[in-house]
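Add chain G to chain R, keeping to what the hints say.
There are 2 protein chains.
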Amino acid sequence: MLSVTILGNNSAVPAYNRHPTSQVVSHDGTSYLVDCGEGTQIQMIRYKIRRSKISQIFISHLHGDHYFGLAGLLNSFNLLSHTSELHVFGPSPLQQIIELQFAAAHTHMCYPLHFHTLTQNEVLVDNDKIKISCFRTDHRIECYGFVFEEKMSKRKLLLDRVRQLRIPVTFYSSLQNGLDYITSRGERIKNDTVTAAPERGKIYAFCADTRYDESIIPHISGADMIYHEATYHDNMRDKAYERFHSTTKQAAVLAKKAGVRKLLIGHFSSKYNSLDTFLKEAKDVFPNTDLALEGLTYEVH
Amino acid sequence: MLSVTILGNNSAVPAYNRHPTSQVVSHDGTSYLVDCGEGTQIQMIRYKIRRSKISQIFISHLHGDHYFGLAGLLNSFNLLSHTSELHVFGPSPLQQIIELQFAAAHTHMCYPLHFHTLTQNEVLVDNDKIKISCFRTDHRIECYGFVFEEKMSKRKLLLDRVRQLRIPVTFYSSLQNGLDYITSRGERIKNDTVTAAPERGKIYAFCADTRYDESIIPHISGADMIYHEATYHDNMRDKAYERFHSTTKQAAVLAKKAGVRKLLIGHFSSKYNSLDTFLKEAKDVFPNTDLALEGLTYEVH
Numbered sequence: 001m002l003s004v005t006i007l008g009n010n011s012a013v014p015a016y017n018r019h020p021t022s023q024v025v026s027h028d029g030t031s032y033l034v035d036c037g038e039g040t041q042i043q044m045i046r047y048k049i050r051r052s053k054i055s056q057i058f059i060s061h062l063h064g065d066h067y068f069g070l071a072g073l074l075n076s077f078n079l080l081s082h083t084s085e086l087h088v089f090g091p092s093p094l095q096q097i098i099e100l101q102f103a104a105a106h107t108h109m110c111y112p113l114h115f116h117t118l119t120q121n122e123v124l125v126d127n128d129k130i131k132i133s134c135f136r137t138d139h140r141i142e143c144y145g146f147v148f149e150e151k152m153s154k155r156k157l158l159l160d161r162v163r164q165l166r167i168p169v170t171f172y173s174s175l176q177n178g179l180d181y182i183t184s185r186g187e188r189i190k191n192d193t194v195t196a197a198p199e200r201g202k203i204y205a206f207c208a209d210t211r212y213d214e215s216i217i218p219h220i221s222g223a224d225m226i227y228h229e230a231t232y233h234d235n236m237r238d239k240a241y242e243r244f245h246s247t248t249k250q251a252a253v254l255a256k257k258a259g260v261r262k263l264l265i266g267h268f269s270s271k272y273n274s275l276d277t278f279l280k281e282a283k284d285v286f287p288n289t290d291l292a293l294e295g296l297t298y299e300v301h
Numbered sequence: 001m002l003s004v005t006i007l008g009n010n011s012a013v014p015a016y017n018r019h020p021t022s023q024v025v026s027h028d029g030t031s032y033l034v035d036c037g038e039g040t041q042i043q044m045i046r047y048k049i050r051r052s053k054i055s056q057i058f059i060s061h062l063h064g065d066h067y068f069g070l071a072g073l074l075n076s077f078n079l080l081s082h083t084s085e086l087h088v089f090g091p092s093p094l095q096q097i098i099e100l101q102f103a104a105a106h107t108h109m110c111y112p113l114h115f116h117t118l119t120q121n122e123v124l125v126d127n128d129k130i131k132i133s134c135f136r137t138d139h140r141i142e143c144y145g146f147v148f149e150e151k152m153s154k155r156k157l158l159l160d161r162v163r164q165l166r167i168p169v170t171f172y173s174s175l176q177n178g179l180d181y182i183t184s185r186g187e188r189i190k191n192d193t194v195t196a197a198p199e200r201g202k203i204y205a206f207c208a209d210t211r212y213d214e215s216i217i218p219h220i221s222g223a224d225m226i227y228h229e230a231t232y233h234d235n236m237r238d239k240a241y242e243r244f245h246s247t248t249k250q251a252a253v254l255a256k257k258a259g260v261r262k263l264l265i266g267h268f269s270s271k272y273n274s275l276d277t278f279l280k281e282a283k284d285v286f287p288n289t290d291l292a293l294e295g296l297t298y299e300v301h
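First to last, the protein sequences are chains R and G.
Numbering follows my numbering, in which position 238 of the first sequence is assigned residue number 238; successive positions increment by one, without gaps.
Numbering follows my numbering, in which position 274 of the second sequence is assigned residue number 274; successive positions increment by one, without gaps.
Bound-form chain R, shown alone (with noise of 0.2 Å):
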């Protein structure tokens, strides 16, 4: 299962008991931190993220309310002794910062900790679960966005023709691997006979803080879900546009243009209180949308 948990949805300046940009995205026991703005490692033991399971850490760009969490986070991790790896991905000069706080600080960290600047459009992790990638996105300053992509290795099983050929049960497994079955008297059977390819992934972007942009659509198109920020009302849009930013309504057309399946949207700016309106005007352009909203988990579909 693939699924995303808000721990901050506000912009820039904490109000109305939100917070700063962070989610947390799970993925078959794995969690993957996108974002961590001021006070992300007590909303994180609010809601029960479990910090040790938690080992890439991913920051879309250096403003404060997207990462000024990160280097307390590393902090506790030293002082709650972590031992596994941690790396954490995000654009220069996001390493020397850190370090310089740890420096400062006469720290030294007792689990491996590696940087990954990013620099370009690129897979930054892939493995047999799961492949993440990260793209640009047109904000003031350099900053990506991520897409999540489910793997799913295993073959789907044909099952009628399985049990036709009575090949044991103990033997499923590796079929949903792809090997062949020897049946006793030394008969073949191929393994694209009894099984289909892998359904494909879910997929979750996670597109930070932009501009209306469609030269994203390319990376988030047919995306189960994605998050796109929607810091203002719609007939701010000048203003949006000004400072970088997006509108309910230009987050929904994207969506509609890029063809996901939902649409999550946060970043709400410190301005409005109730965020009714927020989710109002981006329904009205694309239905399936739900407020990112702290604490809630989102299941992909």
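Check each hint, because a few of them may be wrong.
If chains are identical, the list can't say which one is meant, so a pair holds when it fits in one copy or spans any two.
[What the hints assert, rightly or not] Below, a list of computed lysine to any residue pairs in the SDA-like style, where the Cα atoms sit at most 25 Å apart: (1) K48 to Y16; (2) K156 to R188; (3) K283 to N273; (4) K131 to F115; (5) K202 to V169; (6) K154 to D28; (7) K271 to S52; (8) K239 to T107; (9) K48 to Y272; (10) K48 to R18; (11) K154 to Q96; (12) K156 to L86; (13) K48 to E294; (14) K271 to L79; (15) K271 to T83; (16) K280 to R261; (17) K271 to H106; (18) K271 to L80.
To be clear, the hints were calculated from the coordinates, so they are not data collected in a lab.
This is chain G only, laid out in the frame that chain R set:
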């Protein structure tokens, strides 16, 4: 009135809804922020501390739990179009850390922000209302405590004498400011015959993170209230020493030896859920002790 409001009372890792160190010292309409752990700006909203009243920020040392909220707070001042001067006092390389973060965000401050690097025991602020000075403590890295000394600039009226001499009420304020009174017959009434010297102002000392260290006594001696860290119960003296921290009883012994009137203890380790034992152990040695509890304001009497 001199008072202190606690925004965070926990040591390094947030736990049990306790936050890292931050306090607001208030005096005569001005607020002074002492330390600024992660989430301080959120705590300020929670406890209705008006950010606009803060013109000076004091950072004791560069362990993250004492300043990781500073960049976010300074950034919010910017986004909220703060215009008046802000002064930040802290050890090196605080300025470099903050400026590197703002440069990475392409953020230009819209208000005058001045950094003052702490390097020795000295007077930091000295005006007609307050004197603020810093002193070194014994911690793993360069660390400073701060003393807030209220100034009582106005002389005390000797009301019997003033009335007897029929000095008009409208001149009382001038008398409090030290002026002589000239009667309608040209006779001079010397100020010191109708007023007494100003009363001593209140003194609050924040002793930061420190091992038990009697060398700080001259700086806090006779204070009306001090805050002294008590990271551990007293059975953890060895650990406290090793980690450059203090225990409950060490804080209390220091308060007693310094002849202060009241002791606040804080910086509680995340290993302890309940704070009862902290209070009991300190009170055994120094009865006028209080726990520094988040959201509470302690008036300096």
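Results for each hint:
In this assembly of identical chains, K48 and Y16 lie within 25 Å of each other by CA distance both inside one copy and across copies; the values are 21 Å within and 13 Å between. Taking the shortest Cα distances, K156 and R188 sit within 25 Å of each other inside one copy (19 Å), while across copies they are farther apart (107 Å). Only within a single protomer do K283 and N273 lie at most 25 Å apart by alpha-carbon distance; the minimum there is 19 Å, versus 45 Å between protomers. In this assembly of identical chains, the alpha carbons of K131 and F115 lie at most 25 Å apart only when taken from the same copy (18 Å versus 45 Å across copies).
In this assembly of identical chains, the alpha carbons of K202 and V169 never lie at most 25 Å apart, being 28 Å within a copy and 82 Å across copies at closest. With identical chains, the CA atoms of K154 and D28 are at most 25 Å apart within one copy only, with a shortest distance of 14 Å there and 70 Å across copies. When the C-alpha separation of K271 and S52 is checked against a cutoff of 25 Å, the pair qualifies only between copies, where the shortest distance is 18 Å, while the shortest distance within a copy is 36 Å. Taking identical chains as interchangeable, the C-alpha atoms of K239 and T107 lie at most 25 Å apart only when they sit on different chains, with a minimum of 18 Å there against 42 Å within one chain.
In the homo-oligomer, the alpha carbons of K48 and Y272 lie at most 25 Å apart only across protomers (19 Å), although the nearest pairing inside one protomer, at 28 Å, exceeds that limit. Taking the closest pair of Cα atoms, K48 and R18 come within 25 Å of each other both inside a single copy (17 Å) and across two copies (16 Å). Taking the shortest Cα distances, K154 and Q96 never come within 25 Å of each other, neither inside one copy (41 Å) nor across copies (51 Å). In the homo-oligomer, the alpha carbons of K156 and L86 never lie at most 25 Å apart, since the shortest distance is 34 Å inside one protomer and 64 Å across protomers.
Within a single copy, K48 and E294 get their C-alpha atoms as close as 12 Å, and across copies as close as 22 Å, so both meet the 25 Å cut-off. Proximity of K271 to L79 under the C-alpha cut-off of 25 Å is restricted to the inter-copy arrangement: shortest distance 12 Å between copies versus 37 Å within a copy. Taking the closest pair of Cα atoms, K271 and T83 come within 25 Å of each other only across two copies (20 Å); inside a single copy the shortest separation is 42 Å, beyond that limit. For the identical chains of this complex, K280 and R261 are intra-copy neighbours only, at 18 Å inside a copy versus 59 Å across copies, given an alpha-carbon limit of 25 Å.
Taking CA atoms no more than 25 Å apart as the test, K271 paired with H106 passes between copies only; the shortest distance there is 23 Å, against 40 Å inside one copy. In the homo-oligomer, the alpha carbons of K271 and L80 lie at most 25 Å apart only across protomers (11 Å), although the nearest pairing inside one protomer, at 38 Å, exceeds that limit.
Taken one by one, the earlier hints fail for this structure at numbers 5, 11 and 12, listed in ascending order.
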